[in-house]
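Q: Top to bottom, those sequences are chains A and B. If you count by my numbering, then the first sequence holds residues 783 to 937, one letter each, in order. If you count by my numbering, then the second sequence holds residues 11 to 45, one letter each, in order.
By construction, these hints were calculated from the structure, which means they are not laboratory data. None of the values given here were measured: they were computed from a predicted structure. Watch out, some of these pointers could steer you wrong.
As the list claims (entries may be wrong) - Derived list of chain A stretches under chain B, where covered just means 3 residues or more per stretch with a C-beta under 8 Å from a C-beta of chain B:
no.: 1; stretch: 785-792
no.: 2; stretch: 795-807
no.: 3; stretch: 810-823
no.: 4; stretch: 829-838
Ideal placement from N, C-alpha and C gives every residue a C-beta, glycine not left out.
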Amino acid sequence: VYADPHVAAFINDHFTPVRIHVRDQADDFKRLGDRFNAHWTPTILIIDPKGDERHRIEGFLPAADFLAQLTAGVAHAARARGDFANAERWYREVVEKFPETESAPEALYWAGVAKYKATNDSAALGETAAQFANRYQTSSWAKKASVWAKPAQTS
Amino acid sequence: MADELIPWRHDFDTALSDAAAGNRDLLLDFTAAPM
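Isolated chain A, as found in the complex:
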């Protein structure tokens, strides 16, 4: 997947890339694998500048799914540092660019959360629930967002 030029460009634009080989760097793999609870390959972690894990990808993914995960990871990292406007922007990019991936419904959910956090306007949550009425209805994220739905008018 790293041979994909879009994947490589995204990684080079957003991350300091570090690769630890399970056999060639056995001591490092043991030490860092224990630190981050990573005992399978491939495991890809997005780690913030403080050394805290912000996103995890376990197992191989095709390029589009992998890029969606990386983009979601950038969004998660932004959300964790309180940069909610940029977090929302990255989450929306996942939904728009990679709508068929498993990352998309999760990103749609968190985009609503990030918008709510940025604006303190709960309408963002209701809007998100409404968006799930039209897509990803069977996803767990739609179920999670369902509590934000406005009650149906009864009169």
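Once you've looked at the hints, dock chain B against the given chain A.
A: Just chain B now, with coordinates in the frame of chain A:
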């Protein structure tokens, strides 16, 4: 070679220090692929 597209580093601690200095996130890839 695919890896030539990405300037992988192999010293985590130094890379994390550099990432912190540059306020960048770090991508850590545990791999068994041939290098």
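Q: Give a verdict on every hint.
A: Now the hints, each set against the structure:
1. Counting residues of the stretch 785-792 of chain A whose C-beta lies closer than 8 Å to any C-beta of chain B gives 3; at least three are required, and the coverage claim holds.
2. Under a criterion of three residues with beta carbons nearer than 8 Å to beta carbons of chain B, the stated coverage of the stretch 795-807 of chain A is upheld, 12 such residues being counted.
3. Coverage of a stretch by a chain is defined here by at least three residues with a beta carbon nearer than 8 Å to that chain's beta carbons; for the stretch 810-823 of chain A and chain B the count is 8, and the condition holds.
4. For the stretch 829-838 of chain A, the assignment as covered by chain B holds, since 6 residues bring a beta-carbon within under 8 Å of that chain's beta-carbons and 3 suffice.
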